[in-house]
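Chemist: Those protein sequences? They're chains A and B, same order as listed.
Each position in the first sequence, counted from 1, maps to that position plus 1 in my numbering.
Each position in the second sequence, counted from 1, maps to that position plus 1 in my numbering.
It cannot be assumed that every hint is accurate.
Which copy is meant is left open, because identical chains are indistinguishable; a pair holds if it fits in one copy or across any two.
Said to hold, decoys possible - Straight-line C-alpha distance at most 25 Å; calculated BS3-like pairs for lysine-lysine:
hint : residue 1 : residue 2
1    : Lys213    : Lys334
2    : Lys251    : Lys18
3    : Lys153    : Lys163
4    : Lys153    : Lys6
5    : Lys163    : Lys6
6    : Lys348    : Lys163
7    : Lys163    : Lys251
In short, the hints are calculated from the structure, not lab data.
There are 2 protein chains.
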Amino acid sequence: MRTSKRSLAMQASPIRKLVPYANAAKARGTKVYHLNIGQPDIETPKVFMEAVRAADIDVLAYADSNGWEPLRESIAAYYQRMGLPYVTEDVIITNGGSEALQWALLIACDPGEEVLVPEPFYTNYRGFAAPYLVEISPITTYPENGFALPEKAVIESRITKKTRGILLSNPGNPAGVVYTAEEVRMVADIARENDLYIIADEVYREFCYDGKEATSFGTMTDVLDRIIIIDSVSKRFSACGARIGSLTSKNKEVMAAALKLGQARLCVPTLEMIGSKALYDLDPDYFAPIRARYEERRNILVDALQKMDGVLCETPGGAFYAVAKLPVDNAEKFAIWLLTDFELDGKTVMLAPVENFYQTPGMGVNEARVAYVLNSDDLKEAMRVLKAALEAYPGRTA
Amino acid sequence: MRTSKRSLAMQASPIRKLVPYANAAKARGTKVYHLNIGQPDIETPKVFMEAVRAADIDVLAYADSNGWEPLRESIAAYYQRMGLPYVTEDVIITNGGSEALQWALLIACDPGEEVLVPEPFYTNYRGFAAPYLVEISPITTYPENGFALPEKAVIESRITKKTRGILLSNPGNPAGVVYTAEEVRMVADIARENDLYIIADEVYREFCYDGKEATSFGTMTDVLDRIIIIDSVSKRFSACGARIGSLTSKNKEVMAAALKLGQARLCVPTLEMIGSKALYDLDPDYFAPIRARYEERRNILVDALQKMDGVLCETPGGAFYAVAKLPVDNAEKFAIWLLTDFELDGKTVMLAPVENFYQTPGMGVNEARVAYVLNSDDLKEAMRVLKAALEAYPGRTA
């Protein structure tokens, strides 16, 4: 029995495919520093489990298809605290940001239509688009200028009759780029002038450094009917395993379509919604010490990378990733070599090669994503190991 | 901004669309007996919340994409207790049976390909298939012979070059039909001889009455590579709000494709998997008293329906639904009239019209699904109300 062509064509997770090499290294007794994954080490706020434990449930029944109303209200209140214009009926709860992204693509695009996406982009966008026959048309950005968006004319030159929207994350994964207010305004203008949706993945909204803030697309009040905001508790509250996300829009047709998609799969888990409401009800001060902790780590990581010979890494403004251009022939080969052939004092590091975060063939071959979700001491040690590895790697190019 | 044609074409839930009429009736002070929904009133076993409350979680991290291994092991053990040949690596955990059904269709079919489905069928199958451009080709079954499958030649006459599988639920929703061992064998033969998948939705497996058992497709050992079993804790353990399902197959390519789909959306919620493991670890004796309770209700319902003038309802063998052919011009009109224009002693009933459970236009116009998830006293009273309503309805035909 053959499986469908489209299921064969789906990519395996490039982030997870090096795991067997890491497991083998650990089995040999090597300590592996995981710079490859975006799983925060921050404790999930205790209010989550407290709210879940307090739930008094005799029959764990279906919830409403658009989500538990108290959670929708708490998310609307969260937006309003930030000055965004969203109310309860603009919010629908989803199975993680993942489902919200799938729906947004499905609502924006018929089969064969496409969205523009600045590359490198979160590689799972591909897994969301492919089963629905939505094409990703990349807008290439470059490490040399910190992955800033190109000029308006460059982006507009990529628009075709099939283009239905622009999908982008801000702050971004994998490069940690935070778009300027001018870049956000430019994207809004492009959408208005070319009749496009903006699918704004803002799950890292609170993780901006150097005293800056990310400009939410929800502040672009002249194009609110074009905007679909994707959010999630995963990174915001270090609750990746809750799988609670949301899709938010002022566009009534978008919300009607989302509700039908919600009804088709009935509902989202009740307990996780109860816990997530407690997260969104946290005092906004919750974020300040966590942001400070990530900023300290970012500085450790980037300072170390920038001092390594031949490494290019502009300081990223947000999220908890950086993309570094490395003096190696191939970042995936290097990442495997780190796990199979290298150790320093019994230690090595695991990186995420970035080639699969690009849509354009050949891009990103010598780039790797480095996540800073380790504590500062481990991060310093991981940088010492990486520096030694780059010096020892036989495929070094510079 | 227009939304995609395919999102406009998706059906709103026909089960939920009468809800505004019911709310209006309740607002007038009318008691509404809900015969329209499949939400069991049985208490969720306490072990679910006990296991969740006991979970000691500092960081609620991503789970494995194929599911929490102890849950997969418990589901495999559950299958093995029933004599089915499945082991842990044959099982992947999904967001409810809903996601498992979506994946099975996606794995079996490329766009434009189709699955045969006996109609009437669970109407949400349509919502799973449509976004992926999978066509549903109906095999019509009839209330007059208890919705039994037609002869092999009739089914085979519907197979085209585009047909990739047969999707069916056993025991069935909406008609509560339990296929005989011969019918299951026939479907297996058709699949083998015509190179088809069998997508077997067996979520009501334990709910069979009159001392009978449903024959699982997992017992068809000559076609195991063609079989994809869909399961869920929703009905089995009255845990609809947990949204924990599973996809099970001996076909390695199917499981590899399912893992890629799982990686694309990362994972399923951790807490709900912890609770669900406790459910699958329950003593199999758990089901006997619940089955007895449903059987008593079924008898009350069907006895009453069969005594009503002009009503046709063959005794269903499983699940907790029956489809009744009613002496009315249109079952949806009747269902609305029940909520807007009728009451008996301040009470009325809510039915689910079955027309949308058929793919063939014009079928099922005067049929309704009646769920027996109320206690026996309420069910008797609901039948008294329904009988009076059928006598009073202006659109009565017989």
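Chemist: Next step is simple, just say for each hint if it's right about the structure.
Modeler: Against the structure, the hints come out as follows:
1. Lys213 to Lys334: Answer is neither: 36 Å inside a copy and 59 Å across each miss the 25 Å cutoff.
2. Lys251 to Lys18: Between copies only: 23 Å across, 39 Å inside.
3. Lys153 to Lys163: within (19 Å within a copy, 45 Å between copies)
4. Lys153 to Lys6: For Lys153 and Lys6, neither the intra-copy (37 Å) nor the inter-copy (29 Å) Cα distance is at most 25 Å.
5. Lys163 to Lys6: Result: close both inside a copy and across copies, 23 Å intra and 14 Å inter.
6. Lys348 to Lys163: Close neither inside one copy (49 Å) nor across copies (54 Å); limit 25 Å.
7. Lys163 to Lys251: within (24 Å within a copy, 40 Å between copies)
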